[in-house]
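Participant: Okay, here's what each chain looks like letter by letter:
2 protein chains.
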Amino acid sequence: MRNIVRRAAILFTAIATAGALSPALAEDGYDLWLRYAPLEEASYATPRHVMAACSDPSATIDAALDEIDRATQSMLGEALPRADTLQGGTLVLASPECSGMLENLPLPSSYEVGVDGYAIKEIRHSGRQITLISAQSDIGVLYGTFDYLQRMARGQNFTGVNIVSRPKTQLRLLNHWDNLDRHVERGYSGQSIWDWHRLPGYLDPKYTDYARANASIGINGVSLTNVNADATVLTPHYLEKVAALADVFRPYGIKVYLTARFSAPMELDGLPTADPRDPAVQAWWQDKANEIYTYVPDFGGFLVKANSEGQPGPQDYGRSHAEGANMLAAALEPHGGNVMWRAFVYSAEEPEDRVKQAYTEFVPLDGQFADNVLVQVKNGPLDFQPREPFHPLFGAMPETPLMMELQITKEYLGFSTHLAYLGTLWEEVLSAETHATDQRAPVASVIDGTAHDYEITGMAGVANIGSDRNWSGSIFDQANWYAFGRMAWDPDASAEAIARDWAELTFSRAPEVADIITGLMMGSREAVVNYMTPLGLTHLMGTGHHYGPALWVDDLGRADWTPYYYHKAMKDAVGFDRTETGSNAVDQYAGPVAQKWAGQDTVPDELLLWFHRVGWDHELDNGNTVWEELVRRYDLGVSQVEDMQTVWHSLEHEVDAERFEQVSAFLAIQHQEAIWWRDASIAYWQSVNGLPLPEDVAAPARDLDYYKSLSFPNAPGQGE
Amino acid sequence: MRNIVRRAAILFTAIATAGALSPALAEDGYDLWLRYAPLEEASYATPRHVMAACSDPSATIDAALDEIDRATQSMLGEALPRADTLQGGTLVLASPECSGMLENLPLPSSYEVGVDGYAIKEIRHSGRQITLISAQSDIGVLYGTFDYLQRMARGQNFTGVNIVSRPKTQLRLLNHWDNLDRHVERGYSGQSIWDWHRLPGYLDPKYTDYARANASIGINGVSLTNVNADATVLTPHYLEKVAALADVFRPYGIKVYLTARFSAPMELDGLPTADPRDPAVQAWWQDKANEIYTYVPDFGGFLVKANSEGQPGPQDYGRSHAEGANMLAAALEPHGGNVMWRAFVYSAEEPEDRVKQAYTEFVPLDGQFADNVLVQVKNGPLDFQPREPFHPLFGAMPETPLMMELQITKEYLGFSTHLAYLGTLWEEVLSAETHATDQRAPVASVIDGTAHDYEITGMAGVANIGSDRNWSGSIFDQANWYAFGRMAWDPDASAEAIARDWAELTFSRAPEVADIITGLMMGSREAVVNYMTPLGLTHLMGTGHHYGPALWVDDLGRADWTPYYYHKAMKDAVGFDRTETGSNAVDQYAGPVAQKWAGQDTVPDELLLWFHRVGWDHELDNGNTVWEELVRRYDLGVSQVEDMQTVWHSLEHEVDAERFEQVSAFLAIQHQEAIWWRDASIAYWQSVNGLPLPEDVAAPARDLDYYKSLSFPNAPGQGE
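Residue numbers (full-length UniProt numbering), protein chains in the order written: chain A, 1 to 720; chain B, 1 to 720.
Treat the hints with care, as some may be off.
Pairs involving identical chains hold if they fit within one copy or between any two copies, as the list cannot separate such chains.
As the list claims (entries may be wrong) - Straight line, CA to CA, 20 Å or less: simulated SDA-like cross-link-like pairs of lysine to any residue: (1) K255 with P713; (2) K596 with E428; (3) K708 with L268; (4) K596 with A231; (5) K708 with H237; (6) K568 with T579; (7) K255 with P205; (8) K568 with V614; (9) K206 with E40.
Honestly, the hints are just simulated from the structure, not real lab data.
Pulled out of the complex, with its shape left as it was, chain A reads as follows (with noise of 0.2 Å):
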């Protein structure tokens, strides 16, 4: 971070010398990533024209060929023309579906690209150079002209262009937590984007450019309603509505997925129970399955919260998730749906320790799964924390599909006005090694299927999306939703390669520019964990909304939703032992892995709390007391919130000035936020082990009875 200071004293130092820059434009950030900027100097080998090598392109093609007008008007200030004939210097787009007009074009083969994958070349063909997108689908294509403008946008050079790009998952999907209502459950951008009481009638061009905005990261699906499910959704009038949608983005390649209530046969239709073994229980899925494939011919299939947090399930008649599970998958089977049966639960009897539950409940019942199902797994054994270790399912269910499930929403990480760039978060946990085989087998190779050779992947993100016109209610959320489509595509991707790109395409292609804000995005979720909840504690914000800290509730209705479950914090001591002298969590975790995170001196500083109960006056590597690093850490927290506001105030000639000051106004409700966020932890800390505050460190601002006395009953996403 501090390092991204200096380059952004250095930059600000230019500008000023450089004298008065023109205005740049105003922007509201609704054109995300997808802006084409326009480019100084038509570049490097920019085509003159482009063709599609067939007659009557599909409604793919046609999306692929209205980018390319939208894109090169905006960039090169006119669209590029259209060619009947090959020409020199022609972009061609072709796929086997998309062939007639050009013959002998050297199409990439199934080996090389897959599915939906693309190969990008330069050739020359029949005597002329062109550049050739293909694939061996439509959807390939426009994938595959996707990463070209982009690439074209980021100023690359295409001379002698040789890409070739397959996605290493299967199922790339949204899933939105909207309710029927237009709330969102954890939404921080306005309502939902789904405008139910006008559809079918209305299409908004919103749901277009959303659905261009997904294709040109490689998502395939979105699941529109929220996991805490309302059976409505499966009813005709909404079914009619539901079709509208899947239209308008069939042509990119998202299928529609929604969310099944297990109940919805007693709901709906009167039915005297929703028993999974019950025969008209049976039928009556079997029947809404095929009721709904007669308003969407290509419906994704259904995600499914059961048995968690209050919603039904089949455990309400004895019966395991596995069978649940799979009743909805013989339902969707004959139409090639498949079922997203997530691992997200706990009892409702509060057991010792909820870290735990997911994995004791689901490892039983690996093998049991039907073909089309997959168990949906968060990140990280808790609730999408800012910082946990990764998931112990993950490498300990080899014949059942694991999707990963990560949450781009940011309901633990400050909401929309907190700048924290969720790519390294989510890159720690890929790249965690499970130690499930012989290999290290890094959680990536379980969520793209080659660790234990699953025949479906897919990975899921929970969407930040909204009605806010920027669409992620800022525009450093909007880099999230970039960085999840990246990462469901290619779970080895790095971090810091796709906030580059992002940061290029979404501010500017000047490299100073784009170091700055990538190094701002790369430092940004270490600052969060620091001031909200550093050295492995956890799960310490407000009640319900989970908006600000809240580290002294321990009265809630259980014990494992209460801040001070996780903490524990007394007189002597602060943490959560889950070693064997605790609830032995650590366990669930391969042998290197386990042996590693229950020692108290081989853990990680970063997961000490998670593991372990210490004394406050536990010492670490770096001789500081626990105690002492936790206050230096929230102090370190605000201060890298502070040189945040300095890098980006360097910025200000560099980017217009709507989106300017936003980033800017929010980066202070950040700081405002940072600095309650120590002053309130450390005033709680204080009430419970006494301890005097290290030296040179400022006493929070006010007293701990004024921290707990502060409540946001409209703070937005709350649950209903």
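Chain A is fixed; fit chain B onto it per the hints.
Facilitator: Then chain B, alone, in the frame of chain A:
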């Protein structure tokens, strides 16, 4: 309407023969009537420079100059240069507060322009021909500037211009029914635009554009919160946010008001009572008012819904509305604030006729209200129906300033997808003659204070503004916001002239296009009346959400919330007898009015079933029976929507694609819903009266059970 269809056909032909036109640029409606479309030729007497007559202009004069920059940049291709010294062709802004730089400018007198009116005149000054926008206050200059720019945008000739305009009412307010969680009661355009969570740290540029739009039509106050009030907005945490909005609005002459929950002293500070005679309660409100003014020095005052639909109020303690209002008024009085006390009250005990109750309750209180209290009365005695007679309170409270409350949001007129211009509805009410004085005393003369010499005057409109990109949910609903401002400024204004101005500003200066759109608008509200509630029928909408027909509902918690209560249809007769043989509500009107409406032969057909209960075979002047005429009007309503579709279609090449498509989609929804209204209504009436349909009328598409079976749990805008 037929006439408009013919004109549209002619235009369509003209365009078709002229060949392809250049496609208009897509517009999303964000710019409202302030689009400032480019002028083809720099037209009549366009100024060449602009200057303010002061060296240190106020924020308000700066706002006027900024608007001139923006508008001329857009209309003329470059912003008018600012002049330092007077030159020929300069546009000069001047007021008593802004006058130092030019001597002897002829400012208009208070008599001419009042506090916030203005004059726009071409004059010679110091030997130079200039255009002078001047007023008695800077805000008057801003109003004049907006008028000038809108006239320029409509292509007006300014040669020898000499315009003087002053508002006829003092307080021109929008009432937002916005909850603190951003839900908008009766909102059909997304969430509340007040992003409370991100305030005060983030000031969305939208807030400034909102203020600009309001100032451009003379609106000078805004009540931010729902009349079904939440006391939380009166806490410091929220007052800080309110102050931030007030700071944005101040340069635009817009004061902030809040809704005051009568029980706030109990809810916020645990007082045992909210009795207005209790000194502790009085002191609480005085302290609260003092506190509010420390945040917002020019706070406008309180809007109060008390003892109405479950809201607490003075009657809970046996005190009158006047006592309740006066307590709040006393708290505001030292600071210059006002109380707007709503007369929309009806007993929880369901007496014989709900529409009589406000009159019964308030007339005896005439003269008892403090000087800074206005009583705010809805246009009609029921609740913003497609058609009602004017409210009998108008003219009946000579000692109490009555504000009119209009509903801009279309709770009962098809939400945001039905095209219904409300200017004609409001004009009908404002021009209705109360006969309250020797003169005929139209309602407008009560509102503007002339009928009874009110000291304060005002008009309030329940806003239709939300987070939708186009502000109002549809393009044509923007016209209702616009018309409200214009009619609050001048209650005698012509609905047609306003429609035409709006059409020119919003769509096109081309006279044939503006003609067509104006015609479309002028007939639109009557179409809604025809397909929903013809012949004086009323309140037949779906329970709670008011979406679609529900004539059959007769079993709600209280009778006067059911449609049946309002139509009382039986085998032999239909309608509500409000003559002396019934509730005698008609007697609340002055003699000549009561006399006319009390007679079955003298009441206009439009109000027949509002005031009378008649047989289905009752014969109307046109020879039709009530039954025949009802059916005919439903059919007419549907065909009027079809005409609107035809007319709109003729404008395809005159309007940008984005707005054209949205309006087209909404008209298709309206058409479908008009048919639904017609068919469901006819099916229900037939189930009651057993009468055959007149010849040539098609039977309803579905049976009554089908219409009864429809349910819309997630319809937008419901109370919470």
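Participant: Run every hint past the structure and note whether it holds.
Facilitator: Hint-by-hint comparison with the structure:
no. : hint           : in the structure
1   : K255 with P713 : neither (37 Å within a copy, 27 Å between copies)
2   : K596 with E428 : within (17 Å within a copy, 81 Å between copies)
3   : K708 with L268 : between (44 Å within a copy, 17 Å between copies)
4   : K596 with A231 : neither (45 Å within a copy, 54 Å between copies)
5   : K708 with H237 : between (46 Å within a copy, 15 Å between copies)
6   : K568 with T579 : within (15 Å within a copy, 74 Å between copies)
7   : K255 with P205 : within (18 Å within a copy, 36 Å between copies)
8   : K568 with V614 : within (11 Å within a copy, 76 Å between copies)
9   : K206 with E40  : neither (29 Å within a copy, 32 Å between copies)
In this structure, the earlier hints numbered 1, 4 and 9 are contradicted, and the remaining ones agree with it.
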